[in-house]
Amino acid sequence: MSSALIFTTILIIVIFTITLVIAMYSTYGERKVAAFLQDRIGPNRAGPFGILQPMADGVKMFMKEEIIPDMSNKWLFILGPCIAMTTALMTSAVIPWGNSLSIGGESYSLQVTDVNIGILYIFGVVSIGVYGIMIGGWASNNKYSLMGALRASSQMISYEVAMGLAIIALVMMTGTLSVKEIAAQQSGGNWNVIYQPLGFIIFLVCAFAECNRTPFDLPECETELVGGYHTEYSSMKLGFYLFAEYINMFISSAVISTLYFGGYNMPFIARFISDPNLLTLLGTAFLFAKILFFIFFFMWIRWTIPRFRYDQLMNLGWKGLIPLSIANIFITALIMWLTGKVS
Amino acid sequence: MTLSIFYFLSFLAILSALMVVVSKNPIHSVLYLIITFFAIAGHYVLLNAQFLAAVHVIVYAGAIMVLFLYVIMMLNLNAEVEPHKSVWLKSAATVAGGTLMVVLVGALRTSASVGSPLPADANIGLIKTLGKTLYKDFMLPFEISSILFLAAMVGAVMLGKKETK
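Chains Z and V are the protein sequences, given in the same order. Position 40 of the first sequence, counted from 1, bears residue number 40 in our numbering, the numbering being contiguous throughout. Position 146 of the second sequence, counted from 1, bears residue number 146 in our numbering, the numbering being contiguous throughout.
Just chain V, same shape as in the assembly (with noise of 0.2 angstroms):
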């Protein structure tokens, strides 16, 4: 049953992906997206990660990709408007593309497998466990990363800002 979940998940995850990229339409990319990330949160519920399932449903799937939407149909971007790019570098595109592929390759081609995929603790990805492990073993790397979202928005705030004179 759960293997059956799994290979469907995967399987939706990497064709959706795959049409984020070959889709005319950006606005149809965003919503393959969409369908990806939805996906990749039905993978951490395999793995027992509901926190993170919900989290990564609520911010990356709720929140970062609206906003993605929203300027796309501000820009209002179609397959007219788009620049077209030379068939130089869209070989050059294609070459890079096709050895990032081969080195991937070759370099997972030996590798060991890691595997059962699922965790030895069942209670690993509840929010008791994580909170505790943020809260204590890495307190420091924890506190520092929030200071720089703190940055980034303050820094998106003062960029947005009219200026004044």
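Just chain Z, same shape as in the assembly (with noise of 0.2 angstroms):
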């Protein structure tokens, strides 16, 4: 019992690094993309190629002055990056990274916890993540802030609804909601995706605004909003808080890849390889590259396509993406019924 605590512990560790490590250079990675669709050569200078930019990056935030403003609520105000970043982190704990390694006889799942409730463990983590928007922008005492934090919850827990309705089709097919279950099931190629493109599109959008990502990326507006909800932060503060985008935009992907993508599964693979260890390694790498690709594709959307404006955005939500989930959640219930999945 205890090797399992052990591995468990070790598991999360190793985890809780790659998702730094991957956020950390997704910081680098968004800068290349975006000097790549635009024609330019992006960081260079710290490093071969720039890839010491997120150190320097990470150095310049510790050294900045630390400014809380005088008449805001102190507590309050460090509270809300600490929310952004704990809430950031917590999701990946019921995402199976792979499939079982066996060590000495006994097999260790790559996977933290197996609750049998994963998919609503994400959506409540998620839905606690708005507070850490929304008490900052309070807590600053500053009237963009405040506005900045209205336009992100108000986006946020509209786009939350969507998911979820997105969610239930995929669950009602898969008929589990333990996230492990849902990956296993789309072994050999047999992807989600292929069932329900019209819930993946719907999911995607959503990521894309739970994120505050470009085109949704209302929060932060120069021109109306100064920096929205973080305008009065400072140093490491405000870099917690463009820190948690980058790790949310990771375990979207992740949350995507799993879901959609078949998580670790890889098509063909298993008739080449028969050691199961290095089987579900590779998995896991297989898992990673579909999870990188989201990343891109995020960072892809962000330097192509303008913003909304805010009206559009609630309108796509509540009157395009809502009517269009319900309907997919018909269509799939008919199509189950039809084909005798369910009597």
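Hints in this document: simulated from the structure, not taken from any laboratory. Beta carbons are placed, not taken as given, at the ideal position from N, Cα and C, and that holds for glycine.
If you want the footprint, here are the derived chain V segments under chain Z, 3+ residues with CB under 8 angstroms:
# : segment
1 : 26 to 35
2 : 47 to 55
3 : 64 to 71
Straight line, CA to CA, 20 angstroms or less: simulated DMTMM-like cross-link-like pairs of lysine to aspartate or glutamate:
# : chain 1 : residue 1 : chain 2 : residue 2
4 : V       : K161      : Z       : D311
5 : V       : K162      : Z       : D311
6 : Z       : K290      : Z       : E30
7 : V       : K128      : Z       : D114
8 : V       : K128      : Z       : E181
9 : Z       : K60       : Z       : E245
Mind docking these for me? Both chains are given alone in their own frames, and the hints should help you get the complex.
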């Protein structure tokens, strides 16, 4: 029993480190992708190809003067970025990062915890993430921050509805709320995106909105709202808010890959490799390849598509995506009934 | 272990529930209420009702409290603009609340203990069991309550709509 506990502890530390490193290098990747799309070179001064740029940014963030506004609510001002960071890191607990490894005759699952309501757990964490922004924006005691926070939170709770409805269709199809089981059901190229293309598109759009990414990055708006909810933040507290966005992007990519793109499953490869441990590790690598593709996709969209106006954003959410996702549920139910999956 | 977690969660729930009432700042009240909800969700997990805990966090802490916070931030309530209640009203409220407490204590004093709080069936709170119970045994009440929610939603939309003339 204790060896399982040790393995889980190591797994948690490894996942934590990987999450932070990928989020750190996403900031570098974002600039390189932007530079590529705009026909520039991008950061190339710190280290070869500029790969030390994230460290330089980190040092810069830590060295900046820490300013807490005089009239702000100090506790809540500090609590805001803490909540944003904590909730961003919490979701990775239920994502299956691979099948199970067998070491010394015992098998260990590459998932920190397999709760039977994994998807709802992800949802709960996402819905708490709003508080980081809201509390931070309000505690700054600045009208721009408050308006930015209200924008961000109303955007997030609006798109949570459509996201939930898109997932309901998926859950109806798979018949389980456990993320591990959903990943396991998609073995052999049997990916959910084939059966749920509309649900996938809705989920993807909502993921963009939940991460406050372009074209839905309305909370931050220099012309109207200065910096949005983090106008008053400086130093590493600002860094936490920005960093949480990149972690959220990584986690969203992981959730999309797991729910719709087969997770750690690799089609056809099981025929050639018989060693289960090697297969598991290859599957994990494959999952990370998918995740990196989706992170690239997030960036690609950001530097390609112009942003929405706020009323367009709300119209798309409430009048476009929610009816569409309800229609998706009905179509899924109808097809399941016609094909005799349910009586 | 479970017992100490239970006591910790109970302490947290009661303390933050008290702070909801005591806090001067309405934003702080809402934040304490969120902590209370989390403590209650923890109780659900202890009772093996994971689904209920998750839904409790998503619906209450994640959605309803955000809207509460939203409205309070928009209204910009603070101690200065709070309407001042008269001493007469305050003492009447104290007497009424105290009477309620006396009645509750009097009613509960002689009641028998329920026994172990742990459920007899360990799977009772899992989503499969819950879904089967809801959709088989309580189908009609469940559907009726969903229609009630739909009616409330339509009513809210109608009230929020602009008058067209």
